[in-house]
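> Protein chains in written order, with this note's numbering: chain X, 2 to 236; chain W, 185 to 601.
Some clues are possibly wrong.
[As the list claims (entries may be wrong)] Result set (DSS-like, lysine-lysine): computed pairs, CA atoms no more than 30 Å apart in a straight line: (1) W:599 with X:190; (2) W:434 with W:459; (3) W:468 with W:275; (4) W:434 with W:275; (5) X:218 with X:190; (6) W:459 with W:599; (7) X:231 with X:218; (8) W:275 with X:218; (9) X:231 with W:599.
[Stated by the list, open to error] To be clear about the criterion: a stretch of chain X counts as covered by chain W if any three or more of its residues have a C-beta under 8 Å from a C-beta of chain W, and this derived list gives those stretches: (10) 61-74; (11) 114-123; (12) 194-208.
Keep in mind that the hints were calculated from the coordinates and are not lab data. We put the CB at the ideal spot given by N, CA and C, even for glycine.
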Amino acid sequence: MNTPPPPTSTKKDPIVRVRSLSKVYRQGDIDVTALNAVSVDIQPGEFVALMGPSGSGKSTLLHIVAGIDRPTSGEVEVQGINVGNLDESDLAEWRNQYVGFVFQSFNLIPVLTAAENVELPLMLTRLGRAQRREQVRAALELVGLGDRMHHRPDQLSGGQQQRVAIARALVTDPVLVVADEPTGNLDAKSATDVLGILASLARDAGKTVIMVTHDPKAAAYGTRSLHLEKGEIVP
Amino acid sequence: MGTGGEAWGWLGLAGGVAAAFGLMSWLARLAGLPIQYNLRNVVVRWRSSVATVLGIAAVVAVFVALRAMARGIEASSASTGDPDNLLVVRKGSQAESGSLVTREQFRIIESFEGLARNAAGRPVISAEVVAIISSARSQGPGEANALVRGVTASGMELRPQVRLVEGRWFEPGRREVVVARSLSRRFRDFGMGGEVKAGRARLRVVGHFDGGGSAFDSEAWMDADEARAVFDREPYSSLLMRPTDPAAAKVLAARIEGDRRFSLRAENEVEYYSKQTMTAKPIKYIAAVLGVAMSVGAVFAAMNTMYASVAARTREIGTLRVLGYSRRAVVACFMVEGACLSAAGGLLGCGLARFTNGLATGTLDFQSFAETVFQFRVTPDLMGLGLAFAVAIGLAGSLLPALRAARTPVISALKSA
Numbered sequence: 002m003n004t005p006p007p008p009t010s011t012k013k014d015p016i017v018r019v020r021s022l023s024k025v026y027r028q029g030d031i032d033v034t035a036l037n038a039v040s041v042d043i044q045p046g047e048f049v050a051l052m053g054p055s056g057s058g059k060s061t062l063l064h065i066v067a068g069i070d071r072p073t074s075g076e077v078e079v080q081g082i083n084v085g086n087l088d089e090s091d092l093a094e095w096r097n098q099y100v101g102f103v104f105q106s107f108n109l110i111p112v113l114t115a116a117e118n119v120e121l122p123l124m125l126t127r128l129g130r131a132q133r134r135e136q137v138r139a140a141l142e143l144v145g146l147g148d149r150m151h152h153r154p155d156q157l158s159g160g161q162q163q164r165v166a167i168a169r170a171l172v173t174d175p176v177l178v179v180a181d182e183p184t185g186n187l188d189a190k191s192a193t194d195v196l197g198i199l200a201s202l203a204r205d206a207g208k209t210v211i212m213v214t215h216d217p218k219a220a221a222y223g224t225r226s227l228h229l230e231k232g233e234i235v236p
Numbered sequence: 185m186g187t188g189g190e191a192w193g194w195l196g197l198a199g200g201v202a203a204a205f206g207l208m209s210w211l212a213r214l215a216g217l218p219i220q221y222n223l224r225n226v227v228v229r230w231r232s233s234v235a236t237v238l239g240i241a242a243v244v245a246v247f248v249a250l251r252a253m254a255r256g257i258e259a260s261s262a263s264t265g266d267p268d269n270l271l272v273v274r275k276g277s278q279a280e281s282g283s284l285v286t287r288e289q290f291r292i293i294e295s296f297e298g299l300a301r302n303a304a305g306r307p308v309i310s311a312e313v314v315a316i317i318s319s320a321r322s323q324g325p326g327e328a329n330a331l332v333r334g335v336t337a338s339g340m341e342l343r344p345q346v347r348l349v350e351g352r353w354f355e356p357g358r359r360e361v362v363v364a365r366s367l368s369r370r371f372r373d374f375g376m377g378g379e380v381k382a383g384r385a386r387l388r389v390v391g392h393f394d395g396g397g398s399a400f401d402s403e404a405w406m407d408a409d410e411a412r413a414v415f416d417r418e419p420y421s422s423l424l425m426r427p428t429d430p431a432a433a434k435v436l437a438a439r440i441e442g443d444r445r446f447s448l449r450a451e452n453e454v455e456y457y458s459k460q461t462m463t464a465k466p467i468k469y470i471a472a473v474l475g476v477a478m479s480v481g482a483v484f485a486a487m488n489t490m491y492a493s494v495a496a497r498t499r500e501i502g503t504l505r506v507l508g509y510s511r512r513a514v515v516a517c518f519m520v521e522g523a524c525l526s527a528a529g530g531l532l533g534c535g536l537a538r539f540t541n542g543l544a545t546g547t548l549d550f551q552s553f554a555e556t557v558f559q560f561r562v563t564p565d566l567m568g569l570g571l572a573f574a575v576a577i578g579l580a581g582s583l584l585p586a587l588r589a590a591r592t593p594v595i596s597a598l599k600s601a
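Looking at chain X on its own, in the form it has when it is part of the complex (with noise of 0.2 Å):
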């Protein structure tokens, strides 16, 4: 057996712990290598940001500690769950309750309203309609739209668009925040706007923060950036 290479982080109890994690894809007849024996500690609070170039398997760890892909080998645990461990439906209910996520492109429903769009990951919840409803009211006032919860997202800006992705990832009270270049389809204002957010989740509300991300600016709001190369975390 392989003694897994030490984390890049020396501090104890992690929040997210992943070991020797490694994802080949299949192209045809070629074997793609996404990620290589990847291993990393992340500590709760913590606003990482994943950099490096297209194809550094940034995107594929990001997915794979949010449970949203599977590894060819390795481990992931998050709050000493090991994902991998997981069946199909343990896992999507893992994703509901531990893991809160904001895409590039917003993903919200366009037929739903902001209120009702925050409110999805909550209808999986054991919680009553008034409780949902307020949590849903809380969240949105987090991100400063409290007064657009009835505006679907066609009647939204961009910016106010991620601001409802954000309240939607933060509904349930998950201890993980995935973001996938959250600001990758903004302007500059409103990617200022929903960096601070994301940071002083980390900051003040000790959310744990995973970032993809190409922009250096948007980095220096993480606390730590981890740079991918070829599937490996370089110094």
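Dock chain W against the given chain X, drawing on the hints supplied.
Here is chain W on its own, set in the frame of chain X:
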């Protein structure tokens, strides 16, 4: 349908609606998505939604209308006769027109004990002749068969549901006929004053009667003795009689059926007519075959709409999966949508079919081979059945698209345009 039957019918409709919406509600709960998500998506893709709804509505309308036709024929037979009467026909005969009761048999049976007597002290029994004539249709070319019944005064007393609505009753000894009003609309010569050809004779129409929604609405009545002469019949076709009470009816029936000289069958008049539903059977069969054939088309239409819906929302499906919605929830979500579309189609189809309710029409009676007149009966329970049929179409049509949606890997779903 009587008041009790009507109540059961409405209960059937309520049951059908409750079952459809209960199933949709269960699927919606399984999906865990707000129902407005499905409803608004249906509205967003309104063109394909409208096409699917109309397709399903057409299928349901045809299905319900055909069933309503069969129901009307059955109701016409079921509401004929008096439970106190006994009808005697030849054993093995399928219809009165094919039955023979000799004059001697009539005379013997007339003398049996247990028969009620009228004010004049005579037994209440009517020896009748039933014959088929061919006459020109009022609409379209060609001729159709009509059933002519030769009745006696007793026979008319025994059928109080039949009442004159126009003109007068025929006079014994004269070549006159009184035609059911609903039947008169289907034949050119059955109007007041018309002359109806019967064999070598001509019968003048002197009145119209209303059979009260019974099988008599498909008949023309004339004097029994005159009918025997016109149709050159020595024997009668059937005997209708009124026993003194139900116990006497049983004894009388057993005596008639048990007499080896007769080879006759005696049956309660209501029961006899309620069994005369053979004509409804092929219509029910056609309804089933057409229903299945058309529903296959409707299932494919629903499937097409749902596949298009799944294809247009692949990234949404990926997003829902990321948010924690399971594959089962995604399947349920798309099936709810299919059920919503089909329920709308079902309601519309039932509404369209409801317009045929009470519509009078006629068809060939497969027992007497004469024109039989009936009304479409779109009962509430039939509409409940139509709605349930529609939802079944929607669920069948959305199953495969829903499974495709659920099987799409999350990552590739998120990357779709």
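> So, for every hint listed, does it hold in this structure?
How the hints compare with the structure:
Only pairs whose Cα atoms come within 30 Å are accepted, and residue 599 of chain W paired with residue 190 of chain X is accepted, the gap being roughly 27 Å. In summary, the hint linking residue 434 of chain W to residue 459 of chain W is supported, as the alpha carbons are separated by about 19 Å, within the 30 Å threshold. Between residue 468 of chain W and residue 275 of chain W the alpha-carbon distance is near 28 Å, which keeps this suggested pair within the 30 Å criterion. Under the criterion of a C-alpha separation no larger than 30 Å, the hint pairing residue 434 of chain W with residue 275 of chain W is consistent with the structure, at around 17 Å.
Distance hint between residue 218 of chain X and residue 190 of chain X is fulfilled; the C-alpha atoms sit about 13 Å from each other, no more than 30 Å. For the hint linking residue 459 of chain W to residue 599 of chain W, the alpha-carbon distance of about 65 Å lies beyond 30 Å, and the restraint is violated. Taken as a hint, the residue 231 of chain X and residue 218 of chain X pair is honoured in the structure, with Cα atoms around 23 Å apart against an allowance of 30 Å. With a C-alpha separation of about 101 Å, the suggested pair residue 275 of chain W and residue 218 of chain X falls outside the 30 Å cut-off, and the hint is violated.
Pair hint residue 231 of chain X plus residue 599 of chain W holds up; C-alpha atoms about 21 Å apart against a cutoff of 30 Å. For a cut-off of 8 Å, the count of residues in the region 61-74 of chain X with a CB near a CB of chain W stands at 4, and the three-residue condition holds. Here's how the region 114-123 of chain X fares: 4 of its residues keep a CB closer than 8 Å to some CB of chain W, so the rule of at least three is met and the hint holds. Given as covered by chain W, the region 194-208 of chain X fails the check, having 0 residues with a CB less than 8 Å from a CB of that chain where 3 are the minimum.
In summary, the structure is inconsistent with hints 6, 8 and 12 from the numbered list given earlier, while agreeing with the others.
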